[in-house]
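Residue strings, one per chain:
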Amino acid sequence: MRDEKLENSIMGKIKSGQVKLKSKYAFLAEKLGLGTAFTFSVLLSILFFNLILFYLKETDNLKYLSFGKFGIFAFLESFPYLLVIVFIILIVFSGYLLTRSDVSYKKPFGYLAIGMIAIIMILGGILTYTNLGQSFEREARRGNESVRVFFKPLINDHNNGVAGVVFEQNENYLILQTPQGMRRVEIEEVEDIPSIKKDQFVIAVGFGEKSSFKATKIMIADKGEMPSIRRGIDFKFGEFDRKNIPPELLNFTEEEKSCIKKCFDLKKSPRECFEECHEE
Amino acid sequence: MDQLTDEQIVSAILEGDKDLYREIIKRYEKKLSHYLLKFLSNRDDMEDILQVVFIKVYKNLYGFDVNKKFSSWIYRIAHNEAVNYLKKRRGSRISLDDVEYKLIDEKADIRGGADQMFLKEDVEKVLNEMNVKYKEPIVLFYFENMSYDEISDILRIPKNTVGTLIMRGKNSIKDKLEEINKKHER
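Chains as they are written, first to last, in our numbering: chain A, 1 to 280; chain B, 1001 to 1186.
Rather than coming from a laboratory, the hints here were simulated on the basis of the structure.
Among the clues, some could well be false.
List time: in silico DSBU-like cross-link candidates among lysine-lysine, alpha-carbon distance up to 35 Å [what the hints assert, rightly or not]:
1) B:Lys1068 x A:Lys20
2) A:Lys106 x B:Lys1088
3) B:Lys1125 x A:Lys15
4) A:Lys24 x B:Lys1030
Label-pair distances were calculated between CB atoms; the ranges are [stated by the list, open to error]:
5) A:Thr99 x B:Asp1048: 20 to 30 Å
6) A:Glu4 x B:Asp1149: 52 to 62 Å
7) A:Glu77 x B:Val1066: 36 to 46 Å
8) A:Gly68 x B:Asp1149: 15 to 25 Å
9) B:Arg1076 x A:Leu65: 45 to 55 Å
Just so you know, even glycine gets a beta-carbon here, dropped at the ideal spot from N, CA and C.
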């Protein structure tokens, strides 16, 4: 004979309304919420991965490593920690949501997680072909706090490294235009100083604060190597959108106008373009 | 009533026939008690948890996909409750009846073909000390007579993993029994 105590107790609770069915809309909302949170989290992961790639590719950060052990502090100082930390948190959160979704039902989590990370990295990599990173960088420079916080290492002064364009060159020091402003770089202690000319792009490691910097190593860099630094200098010393300057407004010949247009499209600095085209 | 499948009963309950839930309790009370007793220390705790399981199942009936197997779903809820219980209170006691002892002896081939005899207490001891990760599929497969597919549904792990866990669990039982046997011989 079966003991009906449990059965009667539960049925009693159900009939008295003490135990009720959870609404089907609650389950629907839970499913939708989970799906939305997962999609949102993956999209944000893609964006953050793209911003990390953008940062490493376009700023001076990785370039400091070409100084070997001398560049480590400058590299660490300019590293985008917050971008990386948020990216890792988003990946972990996406993974957690994945385990709770129907997609992962009875499937090995390891493979799913690898697949998810691969998709995030591929899409994040593809996004580097767009201007998304630049848009965020521009917002950060314009002072949008929610974006600026992630780009702080790029925007703030560095104590262990400096990159910029030579504005003035002397025997013992250089004056550089940097995204943070003019910076005096002492080069007395640098061995094997390369032949540095005005308007050249240089990167140095050493130590210094605010406007003065004592370099221990210095290197001439290509103009295209650190586009973000160049944009920062343009922003600081001449903020305008090159494409919006109609050459028609300036008293140039047709040939010069077309030369300037082409030069602007190559994203060279206006001064360079005017000089180049004027020489012709 | 007996001809209705679990899934049909659930559909009827969701359409308003609450009384039919009695049938679900009837069908699963014994099965789940048996299953839970493999993880819980005593009968009183098991009864409390069984009540929680049936209440949770009822409350969440709209969350059940009627296209899936109800038995796997209800076992999944019981499994979660058992795991929660084990987290709160370390250690569980398995006590095998003679049929179960015979089952694990024959089906799992714990003797490994050798003509050695293990005491029921030894097998119980090894099962009790076993990691819950291996114990669950072993219990479901050997004592609840479930297929790999059903176990995979309940534990939400791939079918291949079920096979691997059962094999590793079985090997671990054999190794530990060998050790015990050696100790007895000394």
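Here is what the structure says about each hint:
1. B:Lys1068 x A:Lys20: holds, 23 Å
2. A:Lys106 x B:Lys1088: holds, 27 Å
3. B:Lys1125 x A:Lys15: violated, 44 Å
4. A:Lys24 x B:Lys1030: holds, 29 Å
5. A:Thr99 x B:Asp1048: 20 to 30 Å: holds, 29 Å
6. A:Glu4 x B:Asp1149: 52 to 62 Å: Since Glu4 of chain A and Asp1149 of chain B have Cβ atoms about 33 Å apart, the given range 52 to 62 Å is violated.
7. A:Glu77 x B:Val1066: 36 to 46 Å: Given range 36 to 46 Å: violated, Cβ gap about 60 Å.
8. A:Gly68 x B:Asp1149: 15 to 25 Å: violated, 59 Å
9. B:Arg1076 x A:Leu65: 45 to 55 Å: With a Cβ separation near 51 Å, Arg1076 of chain B and Leu65 of chain A satisfy 45 to 55 Å, so the hint holds.
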